[in-house]
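A.B. asks: For reference, the chains in residue letters:
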Amino acid sequence: MTRKQRRMAFVGLGMLALFAAAALVLSAFTDNLVFFYSPTDLIAKHVPEGRRLRIGGLVEKGSVVKEGTTVHFVITDLTTQTPVSFTGLLPDLFREGQGVVAEGKLGPGGVFLASNVLAKHDEKYMPPEVADALKKSGQWQGDKDKGQGNKGK
Amino acid sequence: MHRFANPTRFLRLSAAILPWSAGLTIVLMAVGLVTGLMVSPADYQQGESVRIMYVHVPSAWMGMLAYSVMAISSAVALIWKHPLADLIAKSSAPAGAAFTFLCLVTGSLWGKPMWGAWWVWDARLTSMLILLFLYLGYMALVSAFDDPARGAKAGAILALVGFVNVPIIKFSVDWWNTLHQPASVTKLGMPSIATPMLIPLLVMALAFHAYYVTVLLLGVRAEITAAKVRAIRLTQVHE
Amino acid sequence: METIRAFFNMGGYGGFVWPAYGVSAIVLVGLIVMTVRSMRAREAELANLQAVLGSRRAAAQAQRSNRKVLDGDA
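Line by line, the protein sequences give chains D, H and B.
For the record, in the first sequence the residue sitting at position 115 is 115 according to the working numbering, with numbers rising by one throughout.
For the record, in the second sequence the residue sitting at position 208 is 1208 according to the working numbering, with numbers rising by one throughout.
For the record, in the third sequence the residue sitting at position 24 is 2024 according to the working numbering, with numbers rising by one throughout.
Hints may be right or wrong, so weigh each one.
As the list claims (entries may be wrong) - List of simulated lysine-lysine pairs, DSSO-like, C-alpha gap at most 27 Å: (1) 4/D x 1081/H; (2) 66/D x 1112/H; (3) 1112/H x 61/D; (4) 4/D x 1153/H.
Said to hold, decoys possible - Per the computed footprint, the stretches of chain D lying under chain H, defined by three or more beta-carbons under 8 Å from a beta-carbon of chain H, are: (5) 5-13; (6) 34-42; (7) 85-99; (8) 104-115.
Just so you know, these hints were derived from the structure itself, not from any lab.
Glycine is no exception: its CB is placed at the ideal position from the N, C-alpha and C atoms.
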């Protein structure tokens, strides 16, 4: 083995070990790397009241009720619904049937008290994350959304 | 391969390429700006704010490309001890850092009106921020050594270790749920983006590539000159 | 006039679109200016060194040939 070959083997094996280690670490921490939970996750994980977290899904059609500056709406993954109440400014893309992520904590009576509401891009097509959440909960409706993903970035 | 590692040959080659890459940068930027800001339509959902995409997405691509160039050159430098590979890696870093910084700033300016937040700690945004820190760390490390050869070696190892982050950035939107949406252009099949918007995006991306080539060649030329200066200084000391 | 105003307003997103393009222009132009400057500075340094070296070599050579001439005279 020449010195060059030895260096090549060293770099190659080093990179392999590094990528393997990264894959292991990332798969171990997947729970912490997701940006939001679906309403189904919320129930499955028995999140205690008052702990800060994010939930994501679709804004259920016809669920948005405005009372002054306070908005009530329902986030759904088509299996489970979580009622949300929020006081403040909604992003431009907040619409019924649109993907949304709410930041806040679970209040009494299972109402999610959002301190911040973020919109996910796209109105017409379902974001794959929400679609995945829908698939997981067994409510995936055909393949009409397949390959359409999000537009934009 | 060693044929191209010859600095004199490289200088001749870069002198031939530079006017073309610089000219292409200017022309493509102009075309990209006109099509992106004036000709292309507003998005049916995001309105005019979608125009931020034409600088944001090319910056993101170039941030990752410049890092890949840096990592590959570093591997070549470590294994084959090419005199030029270290210089290419070193010159790629400031350009990559600039692109990554632009990606983060323009993304923030896009996220505020669309998502409702300047910044969120989702996997895509966080891994992109780590990329910026890797660039800054690399540049600091390389310049921290008095002996440029040792600095280059330490930097090469950091560049290779940090390369793990590049596929994480790329696939973060597929592996985890994120606020950032997944790729529209680089996925299999048809891009999910209308042609009149795809054109300015691709023109801008080409302009950014030409810009990167220009900055990289100028940077390597500066590094070769600096190496010559060092060599002369060294012989002077010994005389 | 109205179309120009509309263009700069960007459908209400002018406050986000223009800073995005502005910062891109500043960073990209800034980087190329810095790169060209550092390259020119290094090339000037090299030219300077080579000139000094060249004149020193020439001086040494002149000295040597001078001595030869003097030696020849003696």
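A.B. asks: Next pair to validate is residue 66/D with residue 1112/H; report whether the Cα-Cα distance is within 27 Å.
C.D. replies: holds, 23 Å
A.B. asks: Under a C-beta cut-off of less than 8 Å, do 3 or more residues of the region 5-13 of chain D approach chain H closely enough to confirm the stated coverage?
C.D. replies: With 3 residues closer than 8 Å to chain H, the region 5-13 of chain D meets the three-residue bar; holds.
A.B. asks: Count the residues of the region 85-99 of chain D with a beta-carbon closer than 8 Å to any beta-carbon of chain H: does the count reach three?
C.D. replies: This one holds; 6 residues, not fewer than the three required, reach chain H with a Cβ under 8 Å.
A.B. asks: Sort out whether residue 61/D lies within 27 Å of residue 1112/H, counting only the CA atoms.
C.D. replies: Holds. Residue 1112/H to residue 61/D sits at ~25 Å (cutoff 27 Å).
A.B. asks: Given the hint that residue 4/D pairs with residue 1081/H, does the C-alpha gap stay at or below 27 Å?
C.D. replies: Holds, at about 9 Å.
A.B. asks: Confirm or reject the coverage of the region 34-42 of chain D by chain H under the rule of 3 or more residues with a beta carbon closer than 8 Å to the chain's beta carbons.
C.D. replies: n = 3 at 8 Å, threshold three: holds.
A.B. asks: Using C-beta distances, would you say chain H covers the region 104-115 of chain D, given that this needs three or more residues below 8 Å?
C.D. replies: violated (count 0)
A.B. asks: Under the criterion that the straight-line Cα-Cα distance not exceed 27 Å, is the pair residue 4/D, residue 1153/H satisfied?
C.D. replies: holds, 15 Å
Checked against the numbered hints given earlier, this structure breaks only hint 8.
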